[in-house]
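**Student:** Sequence:
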Amino acid sequence: MTCEACTKAATNQHSGMYHMGCLECCARLVISTHPNKQHAGAMLEAIARFRDAPGRSAILECVRQQLEKRQSAGPKSTAT
20 MTCEACTKAA
30 TNQHSGMYHM
40 GCLECCARLV
50 ISTHPNKQHA
60 GAMLEAIARF
70 RDAPGRSAIL
80 ECVRQQLEKR
90 QSAGPKSTAT
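For the sequence shown, my numbering assigns the number 20 to the initial residue and increments by one for each residue that follows.
Treat the hints as calculated values from the structure; they're not laboratory data. There's no promise every hint is true.
Listed below are the simulated DSS-like cross-link pairs for lysine-lysine, each with C-alpha atoms no more than 30 Å apart in a straight line [said to hold, decoys possible]:
{"hint": "1", "residue 1": "K56", "residue 2": "K88"}
{"hint": "2", "residue 1": "K56", "residue 2": "K27"}
{"hint": "3", "residue 1": "K27", "residue 2": "K88"}
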């Protein structure tokens, strides 16, 4: 099940809306800092301050899966 923020992000990649109780949103927020590990760590610390936020290990696993999925998809085509 996706949250409202995930739905908006699916249609507008720069929506900037995140729900800290949603694992996919938390992973998307951390990925938005990629490849800056210092910023990613800051995002994980900020997420941890929310009461219903998923755990750090779950977020990092989701991030890993999403980055692997991106790599297996290959480079984006710039042809129009």
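**Student:** What hints, given by number in increasing order, does this structure fail?
**Tutor:** none
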